[in-house]
Amino acid sequence: MKQELFERTHTAEWDAFAAMCGKTGQGDLPRAYRRICHHLALARQRCYTAGLVRRLDNLVMRGHQELYGNASGLTRGWGDFVLRGLPRRVRALRGPVLAAVLLFGLPFGALTLASRRNTELAAMVESPQELAHMESMYQSGKEKFGRKDAADADVQMFGFYIWNNVRIGFQAFAGGIVFGLGSIFFLFFNGLHGGAAAGWVTHAGLGRNFWSFVVTHSALEIPSLILSGAAGLHLGWALLAPGRRRRGQALREAVKEALPLVYGAAAMDVGAACLEAFWSSSALTPQAVKFGAGGALWAAVLAYFLFAGRRHAR
Amino acid sequence: MIDTLTRVETPEGVELEFSPAGPVPRALAWLLDAVIRYTADGILASLLAQLGRTGVGIVLIILFLMEWGYPVIFEVFNGGQTPGKMALGLRVIREDGAPVGWSRSVVRSLLTTADFLPFAYGTGLTAMFLGRRFQRLGDLAAGTLVVHVPPRFQPLWAAGGPPEAPFPLPFPLTQLEQRAVMSFAERVPLLTRERVEELGDLLEPLSGARGPEGVRRLLAIARDLRGQA
Amino acid sequence: MLDKLRVEVRLRTPWEAADLGFALLREHAGAAFGVFAILALPLALALTVALRSTPWLTPLILWWLKPLLDRPVLHVLARGTFGDAPGILGTLRQVPRLYRRGLVAQLLWRRPSLDRGLLLPVWQLEEPDGSTYRARRQVLLRRGRSHAQLLTVTCFLFQALAFPLVVALLAYFWPAGGTELLDAVFGGRGERIAWLDAFLWFVPTLAMVAIEPFYVAAGFGLYLNRRVQLEGWDLELAFRLLGERARKLAARGLGALVLAFLLLAPARLQGAPPPEEPKQTLKAPPPRKAKAELAEVLKAPEFATQRDSWHLELREPVKPENKTSTPWTPPRWLLALPKVLASALKWTIPVALIALVAFFVWRNRKLILSTLGEREPQEAPTQLFGLDIRPAALPRDIPTAALALWDDGDPRAALSLLYRGALAHLVHRLRAPLGPGATEGDCLDVAREALTSGAWDYFARLTRTWLGLAYGGRSAQAGDRDLCAEWGGHFQGRGS
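Chains A, B and C, in that order, are what the protein sequence lines are. Here the first sequence stands for residues 1 to 314, where the numbers follow the working numbering. Here the second sequence stands for residues 1 to 229, where the numbers follow the working numbering. Here the third sequence stands for residues 1 to 496, where the numbers follow the working numbering.
Bound conformation, chain A alone (with noise of 0.2 Å):
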């Protein structure tokens, strides 16, 4: 056929098709699509000019745009995703889940244990001037613990916590691109400043004060940063082994596998900054009332990574 023919008995079809891409619900769309895709397939068999070739060119991506463009994908599903669908993938990667906390955890235990006697330790990780800040914050009646007039000062906090925690959590997941190598680094180095600073104020005698305070969100907040940092190991590890993979389609399935992980981690931390800011400080509620339901949350938290989604377990 000849190439004027071609584009007159279907030109009128193409702008139709053109004007169903910018409106949904509109028509059959997939209906069409093949056929401009069947279309196409013809212009490049019988070599029609570079312009009427680019123009059915043009149609085809706009419909496969438009096909496969699926915007709401985040809301669908995502009751399955939190009940089932994190759980086990967190299971599914309990390798580099385990890695993480084992990277976090040891480097706070010991310091923890060790700075409560020995009070350098904490100093070589900190600075003084950031001790003693710390000191002070848990003091009764103080910024961590029983802030007063503390509505403005609460709501700004709440903001510090999102923009600053959410933050490590996603970089701590950034970085396992480099070998995994910066999940480690930001595992291993909160531990050390976290454990450096419950060590230090539990020697200084404010032990009650900063437990309480940081066990009302602690069930939320470091799951979440040891999600993040799992999962950039994962990816560390998949271009360190990619075994018999390509390395770029090894990462491109751990980045898969991986992000439900980070999704998890990113919830948890604003729970976690909700309760930081609102709940933790908060000298109203005694400490027996902190540190039971900080407990439970724990329990939750441990009992549903642990558990749930498994009954349907394929």
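Heads up, none of these hints are tricks.
30 Å max Cα-Cα, derived DSS-like pairs, lysine-lysine:
| id | chain 1 | residue 1 | chain 2 | residue 2 |
| --- | --- | --- | --- | --- |
| 1 | A | Lys256 | C | Lys366 |
| 2 | A | Lys290 | A | Lys142 |
| 3 | A | Lys142 | C | Lys339 |
| 4 | C | Lys248 | C | Lys4 |
| 5 | A | Lys290 | C | Lys339 |
| 6 | A | Lys2 | C | Lys248 |
Rough simulated footprint, nothing fancy, chain C against chain B, three-plus residues with beta-carbon under 8 Å:
| id | region |
| --- | --- |
| 7 | 14-20 |
| 8 | 118-126 |
Simulated from the structure, these hints should not be mistaken for lab results. By construction, the Cβ of each residue, glycine as well, lies at the ideal position given by its N, Cα and C atoms.
Let chain A serve as the given structure and place chains B and C on it in line with the hints.
Positioned in the frame of chain A, the structure of chains B and C alone reads:
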């Protein structure tokens, strides 16, 4: 042959061609986005600063959303284009040509941090130069490409002109040859007259004439091939 | 000669053309970067030693001398375009020749030009003289000039920012604290650290070595594309081949001979010389032609200059305000606003989060109940991408029906039936989790988990064949008929 195209086969078995975009237009798009983002940040911050500590809290949340969400929101809801990319004619797509979804866009955004290292997007630029398709780490991890939006289709065919007598072809042309002659006709307006004649002279064995007459015959052939007899 | 071209010529947008330059540089990275570094680094060292007392002067002088270093890089790329890129040594040997012409102009009055990247090849490869050059420049810059300038600015920014960014990076990680470092480098107070000084003032040079070849390459890409646009290189290539074939065909056979004689005779009688091939393709067209070209190009409709200009205008002139000097005091409610807002937010944010969780639980109550208790059957889709996959809509014995269709001469319908049957098996028998929005690719992914490997291989083959037949414009092969027979081995229809 050195070329800049990459080919993708759709599920329908049709091959699409994309032209991945290199660092210069992407850096400019980034710059434009940065200006837009920081201007918006600045305006909002200075307004909200009037609200004291409450305002600081809100500003921090906005900064957070702008930092991570700005590219994602635009890429998902605006066909893969942030304002900067729109201005430079760029678009983010999946490696198979489909639009970026949420998760891929999020991965790109998150890994921007890694691409930035050690400074001035050094890692990202190196990765772009080493691969064949100008992918930074975020693109590699998410399986996305940044491509040039193809220019709008413009029929260059000279519409007017008196109908010419068809010129008989001495022998049938292959399809590639047909395409070359038709492209020539499409691009005559873009070339100088001397050059048009020079090119026409190359086909003297086909048209049997040189100079303007040769070109005229070639155009007649093209018109005939195209079906505009 | 164009047939030696090693790059795919085609009309490109300017940015694509710049990318082509990068692709070219990638191909010849060793020689291009090598030559640049070999020339730049000793020069930098010499300058550093000579200008010990004013270390900041070295990068500036080097920066100004860049045209000197660009030439060998461009030489590598230009030769590489035609497939005979010289190595590092070969290029170095050429260096004296490369500096023969136009260098002074390039180092003096042409140095600040923002179009430098695009014009570099003109200066070095075309070597035009005064009036020709002006015409040539005008033609080349008519399109894509803004791109050339943006390219210059971008590369400049990357080079210029390297120094402050490295200083910032070092300051961030400096053990004694960032301010100490800044003092040591810039201030008079701190103790100067010799190696640090040397290193830091070398950073701009390193940045230049890393970036300048990219600049040259991108500029060369822009230039090549302009030539392709102006001279139809891609057309010339195709026409040469076609002309060659026509000549050969004409020489064969009597009728063709006569035709060829008739066709070629007039030309020969006129005594027109055969088309001359330029000795070096990158030479500019001769001056006479360039001038004519210019006049002609200006006439072409696409070069009609179009200029958008816009500026903001106030709809009404501003009236001068009578400003009184009394300071404005905000009303009391405005002063209280932050506090009120803070308390409001303090309660609304947690409440909103709790509400979100509650909404989530309510939305997914079925799912939660099913997790706790019994599993609820998922609703299976009745159609996927327009194909009806209800079991009721399919024949009882799918392979036989498909075979019959095939032998009736409708392989498309036969494969469609097989494919629909396989999907129905996946969705309704194996309860594969496929929503109505799934694509063929999703089906393959899901099938990989749901099917045994043999069945999956078959399914993948079936999918490929079906798609190729239905939308890819391929025609059915005789071997594809086996798909009908094998179907029953992997899938089950409604009846069986």
